[in-house]
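Sequences and hints are given; from them, build the entire structure.
Chains as they are written, first to last, in the numbering used here: chain A, 1 to 296; chain B, 1 to 294.
Keep in mind the hints are simulated off the structure, nothing from the lab.
Please note that a few of the clues may not be correct.
To be verified - Keeping only pairs whose Cα atoms sit at most 20 Å apart, straight-line, the calculated SDA-like set for lysine to any residue is: (1) A:K57 <-> A:I67; (2) B:K281 <-> B:L270; (3) B:K102 <-> A:I12; (4) A:K8 <-> B:L176; (5) A:K98 <-> A:E189; (6) A:K204 <-> B:N16; (7) B:K169 <-> B:D106; (8) B:K42 <-> B:M63; (9) A:K57 <-> A:A76; (10) A:K8 <-> B:Q49; (11) B:K281 <-> A:I175; (12) B:K64 <-> B:L84; (13) B:K108 <-> A:R4; (14) B:K102 <-> B:L191; (15) A:K98 <-> B:I177; (16) A:K66 <-> A:E54; (17) A:K8 <-> B:S6; (18) B:K102 <-> A:Y11; (19) B:K281 <-> A:L101; (20) B:K102 <-> A:I2; (21) B:K55 <-> A:I12; (22) B:K102 <-> A:F6; (23) A:K204 <-> A:N95; (24) A:K98 <-> B:K64; (25) B:K64 <-> B:L191; (26) A:K204 <-> B:S9; (27) A:K98 <-> B:M121; (28) B:K222 <-> A:D259; (29) A:K98 <-> B:I22; (30) B:K102 <-> A:I295; (31) B:K281 <-> A:T181; (32) B:K108 <-> A:A7; (33) A:K8 <-> B:L186; (34) B:K281 <-> A:E168; (35) A:K98 <-> A:L202; (36) B:K169 <-> A:R4; (37) B:K281 <-> A:F6; (38) B:K108 <-> A:K204; (39) B:K222 <-> A:F260; (40) B:K42 <-> A:L62.
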Amino acid sequence: MIPRSFAKHFYIMLIPGLLWLIFFNLYPMYGVVAAFKEYNPGLGLWRSPWIGLENFKYMFELDDSKIIFRNTVVIAFSKMIGNLIVPLVFALMLNEVKNRLFTRTVQTIVYLPHFLSWVIVGGMMLDIFAYNGPVNSLLSAMGVEPILFLANANAFPALIVGSDIWKEFGFNAIIFFAALTSINPEMYEAAAIDGASQWQRLIKITIPSIMPVAALLATLSLGNILNAGFDQVFTMYNPSVYSTGDIIDTWVYRAGLIDFQHGLATAVGLLKSVVGLVLITVSYTLAYRFANYRIF
Amino acid sequence: MIAERSAASRLLNGLNFVLLIIIMLLCLAPVWYTLSISLSDKAAAAGGQVFLWPKGFTMGSYMKIMEDAQFFRSAWISVQRVVLGAAISFFVILLMSYPLSKTSRDFKPRNVFMWLLIFAMLFNGGLVPWYLTMQSLGLINNIWGLVLGGGLPVFNVILVMNYLRNMPKEMEESALIDGAGPWRILFSICLPLSVPVLATILVFTIVYHWNEFFQALVLMNKSDMYPLQSYIKQVAVVIDPTKMDAEQVKRTAELSNQTLNAAKIFISMLPLLVIYPFLQKYFVKGITLGSVKG
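What follows is the structure, given as structure tokens:
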């Protein structure tokens, strides 16, 4: 039992964190009122006139809205699927190798790309998929005309999804490795005594044991359906791929901070945040109901 | 305990092994390729002759960076940002997670604060309100905007808090009996016992501040205040659509700075490659700690 006199010290310990939270997390939330105002930099946020839902109405009339919404969902959904299946298959493959030195080496190397910034990865992709880059050299060796991948609207989403999976699959596999090591080894021993082959053990023991974890991760990732990855798209896109590569976040950046349509950009951003909050709440509730998952 | 392996099983295992080696090499290839380009002759790189080995080996690109004052200025800003950002978040998180690790019986408003934190983690006002806030706080062209602008790292607070909650209660109780106060318990018991999780969040924070590039592009009006990643984004990772016409690409390739840019990219990831062995010791723990029992 903690003495009551501790409480005031607890408050003191919380002060620095709460100040940070108030000024840099909560105070910016107040700024969403710009979505309901005709923002005028001269007047500032407080004295700009209210215009109700005008910004939202305008947003739904814009052709851009449909495009960026579709692009966002397409990219984010493909990433969700890829970032679930590739790490899962990879973890299962590595789990079949019994040489500890080998598995440890592979793990160390595949985790690395996660720690590189999107500027670095974007820069590397630019070189690799450049017109005179190695991928095009390979293609032309096979008799295919070189492609300007980064200016090709058809290729761009695949490039985004592919490079994201390249960067994150190793890191995303960590959780599967943890789940795989917690499978009871007695099951494998019993199966081996009964004459189950390595393949049968994989199908009948390993995969069923790891499915709950995969289902949980799939549920939790639902909240990200509007997060297509701003940093990545921002470093890799250009006007010639806007039709398939422009996402909500990059559009908001250009509308708000380049074209100074503060009200409109805030409205779009706010809608995205609200939908995201609802989705994430639903996915966490589902995860809690069915898997007893709790964040704290 | 492994049953006799059939020929088919041996074949599958061999195939698996080879595939894993290919996957591993694919993870390294882009890094290696960037290094090769940076050490190559300009014309060879532009002609697309470089694959996995530098062509016309030269240190010229690295020599050129030595003369680039802005590169060093940006690197210094990055270092300052990392040190300030890591030190501040470390202490704030340590102080905050101890009271929050108490049950609501021991510290009544605990759950209120927890929900406030969760809300702040899941909802944000968006880019424009954030920018207007930074403006009104006077954090334009100011390194503190980069240090604090990301907001309280709530996820890391939760990580440390969960770790402290899973600590055996008896430790704290015996310290209480010996007459230790809250600060004594925090610094003499919680701090030394949670070194693994604190190292994890320290690593996460350092990587975050080193890699984050977007905030400075927005907050700094002058590019001489950019940290390294923002500087590289601005000068080296540029996709100019006017150069995207196939014929023009060929003509401008000769003039491009591809090798110099590759050298900049490589140097900027060097610090991460150097601390990586240390880093990877801790983050695996951190990730698995994140999936927590209540």
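Hints, verified against the model:
Simply put, A:K57 and A:I67 have alpha-carbon atoms about 17 Å apart, close enough for the 20 Å limit, and the pair holds. The hinted pair formed by B:K281 and B:L270 meets the criterion: a straight-line CA distance of about 18 Å does not exceed 20 Å. Taking the CA atoms of B:K102 and A:I12, the gap is near 15 Å; set against the 20 Å cutoff, the hint holds. Note on A:K8 and B:L176: the hinted pairing holds, with a Cα-Cα distance of about 17 Å set against a maximum of 20 Å.
Proximity of A:K98 to A:E189 is assessed by CA-CA distance (about 15 Å); at most 20 Å being required, the pair is judged to hold. In summary, the hint linking A:K204 to B:N16 is supported, as the alpha carbons are separated by about 19 Å, within the 20 Å threshold. Of the pairs offered as hints, the one joining B:K169 and B:D106 holds, with about 13 Å between alpha carbons and a cut-off of 20 Å not exceeded. Distance hint between B:K42 and B:M63 is fulfilled; the C-alpha atoms sit about 14 Å from each other, no more than 20 Å.
Distance hint between A:K57 and A:A76 is unfulfilled; the C-alpha atoms sit about 26 Å from each other, more than 20 Å. In summary, the hint linking A:K8 to B:Q49 is not supported, as the alpha carbons are separated by about 68 Å, beyond the 20 Å threshold. Taken as a hint, the B:K281 and A:I175 pair is honoured in the structure, with Cα atoms around 15 Å apart against an allowance of 20 Å. This hinted pair does not check out: B:K64 and B:L84 have alpha carbons roughly 30 Å apart, beyond 20 Å.
As the CA atoms of B:K108 and A:R4 are separated by approximately 10 Å, the hinted pair is consistent with the 20 Å bound. For the proposed pair B:K102 and B:L191, the alpha carbon gap of about 15 Å is at most 20 Å, so the pair holds. Distance check on the hinted pair: A:K98 and B:I177 sit about 49 Å apart at the alpha-carbon level, beyond 20 Å; violated. Restraint check for A:K66 and A:E54: the C-alpha separation of about 18 Å stays at or below 20 Å, so the hint holds.
Only pairs whose Cα atoms come within 20 Å are accepted, and A:K8 paired with B:S6 is rejected, the gap being roughly 69 Å. Between B:K102 and A:Y11, the direct Cα distance comes to roughly 12 Å. Compliance with the 20 Å bound is thereby established for this hinted pair. For the hint pairing B:K281 with A:L101, the CA-to-CA distance comes to about 15 Å; that is within 20 Å, so the pair holds. The suggested pairing of B:K102 with A:I2 holds, with an alpha-carbon distance near 9 Å, which does not exceed 20 Å.
Taking the CA atoms of B:K55 and A:I12, the gap is about 61 Å. The hint is violated against a cut of 20 Å. Proximity of B:K102 to A:F6 is assessed by CA-CA distance (about 11 Å); at most 20 Å being required, the pair is judged to hold. Simply put, A:K204 and A:N95 have alpha-carbon atoms about 15 Å apart, close enough for the 20 Å limit, and the pair holds. Of the supplied pair hints, the one linking A:K98 and B:K64 is violated, its CA atoms being roughly 48 Å apart against a limit of 20 Å.
Straight-line distance between C-alpha atoms of B:K64 and B:L191 comes to about 46 Å, which puts the hinted pair past the 20 Å bound. Between A:K204 and B:S9 the CA atoms are separated by roughly 16 Å; this keeps the pair inside 20 Å, and the hint holds. For the given pair, A:K98 sits about 40 Å from B:M121 by alpha-carbon distance, which is inconsistent with the 20 Å threshold. A hinted pair counts as satisfied when its Cα atoms are at most 20 Å apart, and B:K222 with A:D259 qualifies at roughly 19 Å.
Using a Cα cut-off of 20 Å, the hinted pair A:K98 and B:I22 holds, with the two alpha carbons roughly 18 Å apart. Taking the CA atoms of B:K102 and A:I295, the gap is near 16 Å; set against the 20 Å cutoff, the hint holds. Proposed proximity of B:K281 and A:T181 is supported: the alpha carbons are some 18 Å apart, at most 20 Å. A threshold of 20 Å between alpha carbons decides the hint, and for B:K108 with A:A7 the separation of about 8 Å falls inside it, so the pair holds.
Restraint check: the Cα-Cα separation between A:K8 and B:L186 comes to about 15 Å, which is no more than 20 Å; the hinted pair holds. The straight-line distance between the Cα atoms of B:K281 and A:E168 is roughly 18 Å, inside the 20 Å bound, and the hint therefore holds. With a C-alpha separation of about 14 Å, the suggested pairing of A:K98 with A:L202 holds against the 20 Å cut-off. In summary, the hint linking B:K169 to A:R4 is supported, as the alpha carbons are separated by about 17 Å, within the 20 Å threshold.
In summary, the hint linking B:K281 to A:F6 is not supported, as the alpha carbons are separated by about 36 Å, beyond the 20 Å threshold. Distance check on the hinted pair: B:K108 and A:K204 sit about 48 Å apart at the alpha-carbon level, beyond 20 Å; violated. Among the hinted pairs, B:K222 with A:F260 is consistent with the structure: their alpha-carbon atoms are about 19 Å apart, no more than 20 Å. For a cut-off of 20 Å, the pair hint linking B:K42 to A:L62 is broken: about 46 Å separates their Cα positions.
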